[in-house]
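Numbering (the numbering used here), first residue to last: 42 to 158.
By construction, these hints were calculated from the structure, which means they are not laboratory data. Please note that a few of the clues may not be correct.
[As the list claims (entries may be wrong)] Label-pair restraints from in silico Cβ distances: (1) Ile72 with His111: 26 to 32 Å; (2) Ser105 with Asp76: 28 to 34 Å; (3) Lys138 with Asp107: 27 to 33 Å; (4) Lys139 with Asp107: 28 to 34 Å; (5) Asn53 with Glu100: 26 to 32 Å; (6) Arg145 with Ile72: 17 to 23 Å; (7) Glu67 with Lys99: 15 to 21 Å.
[Claimed, not checked] Result set (EDC-like, lysine to aspartate or glutamate): computed pairs, CA atoms no more than 16 Å apart in a straight line: (8) Lys82 with Asp106; (9) Lys82 with Glu100; (10) Lys140 with Asp76; (11) Lys99 with Asp76; (12) Lys99 with Glu62; (13) Lys138 with Glu158; (14) Lys84 with Glu100; (15) Lys147 with Glu62; (16) Lys147 with Asp76; (17) Lys102 with Asp76; (18) Lys139 with Asp76; (19) Lys54 with Asp106; (20) Lys102 with Glu92.
We put the CB at the ideal spot given by N, CA and C, even for glycine.
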Amino acid sequence: MIIGIGARKGVNKEEVISAIESALIEVGKNIGDIDMLASSKIKENEAGLLEAVTLLGKEIKFLSDDEINHYDAPSGSQANRFGLTGVAEPSALALSKKKELILRKKVYGRITIAIAE
42 MIIGIGARKG VNKEEVISAI ESALIEVGKN IGDIDMLASS KIKENEAGLL
92 EAVTLLGKEI KFLSDDEINH YDAPSGSQAN RFGLTGVAEP SALALSKKKE
142 LILRKKVYGR ITIAIAE
């Protein structure tokens, strides 16, 4: 299971962890079910995101614009102002095996989560 994650600038680790935990509850999964997290390269220096991933004991892959734009985001996205089809949904789909969303993007405060298998 892949967690695709988008975040506003300056998020803290607590916001990220809370959003991930809320999304997992919605799909009846837990932290142990996560294979990897995925996001856009534009988020690779986001301290709160990196700290949360470390605390969860998981890895995150930051995808290039081309990797992200290879997948259509089923939901509308504000990422189009950065030239992206989306962040959470296409990032999750890009690394997933089945290429199937089990949670379409959902906003939790300043964090957006999508989950794919």
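Hint by hint, here is what the structure shows:
Between isoleucine 72 and histidine 111 the beta carbons are some 28 Å apart, a value that agrees with the proposed interval 26 to 32 Å. In this structure the hint that serine 105 and aspartate 76 lie 28 to 34 Å apart at CB is violated, the actual value being about 20 Å. Look at lysine 138 against aspartate 107: about 20 Å separates their beta carbons, and that is not inside 27 to 33 Å. Distance hint for lysine 139 and aspartate 107: a CB-CB separation of about 22 Å, inconsistent with the stated range 28 to 34 Å.
Look at asparagine 53 against glutamate 100: about 20 Å separates their beta carbons, and that is not inside 26 to 32 Å. Remark: the range hint 17 to 23 Å for arginine 145 to isoleucine 72 is upheld by a beta-carbon distance near 21 Å. In this structure the hint that glutamate 67 and lysine 99 lie 15 to 21 Å apart at CB holds, the actual value being about 18 Å. A C-alpha spacing of about 8 Å is found between lysine 82 and aspartate 106, which places the hinted pair at or below 16 Å, so the restraint holds.
With a C-alpha separation of about 14 Å, the suggested pair lysine 82 and glutamate 100 falls inside the 16 Å cut-off, and the hint holds. Only pairs whose Cα atoms come within 16 Å are accepted, and lysine 140 paired with aspartate 76 is accepted, the gap being roughly 14 Å. Of the supplied pair hints, the one linking lysine 99 and aspartate 76 holds, its CA atoms being roughly 8 Å apart against a limit of 16 Å. Annotation: proposed proximity of lysine 99 to glutamate 62 holds, straight-line Cα distance about 14 Å (limit 16 Å).
Proximity of lysine 138 to glutamate 158 is assessed by CA-CA distance (about 6 Å); at most 16 Å being required, the pair is judged to hold. Only pairs whose Cα atoms come within 16 Å are accepted, and lysine 84 paired with glutamate 100 is accepted, the gap being roughly 14 Å. Our distance criterion of 16 Å between C-alpha atoms is met by lysine 147 and glutamate 62, whose separation comes to about 13 Å. This hinted pair does not check out: lysine 147 and aspartate 76 have alpha carbons roughly 19 Å apart, beyond 16 Å.
Only pairs whose Cα atoms come within 16 Å are accepted, and lysine 102 paired with aspartate 76 is accepted, the gap being roughly 11 Å. Distance check on the hinted pair: lysine 139 and aspartate 76 sit about 13 Å apart at the alpha-carbon level, within 16 Å; holds. For the suggested pair lysine 54 and aspartate 106, the alpha carbons sit about 24 Å apart, so the restraint of at most 16 Å is broken. A threshold of 16 Å between alpha carbons decides the hint, and for lysine 102 with glutamate 92 the separation of about 14 Å falls inside it, so the pair holds.
Hint compliance for this structure: hints 2, 3, 4, 5, 16, 19 are broken, all remaining hints hold.
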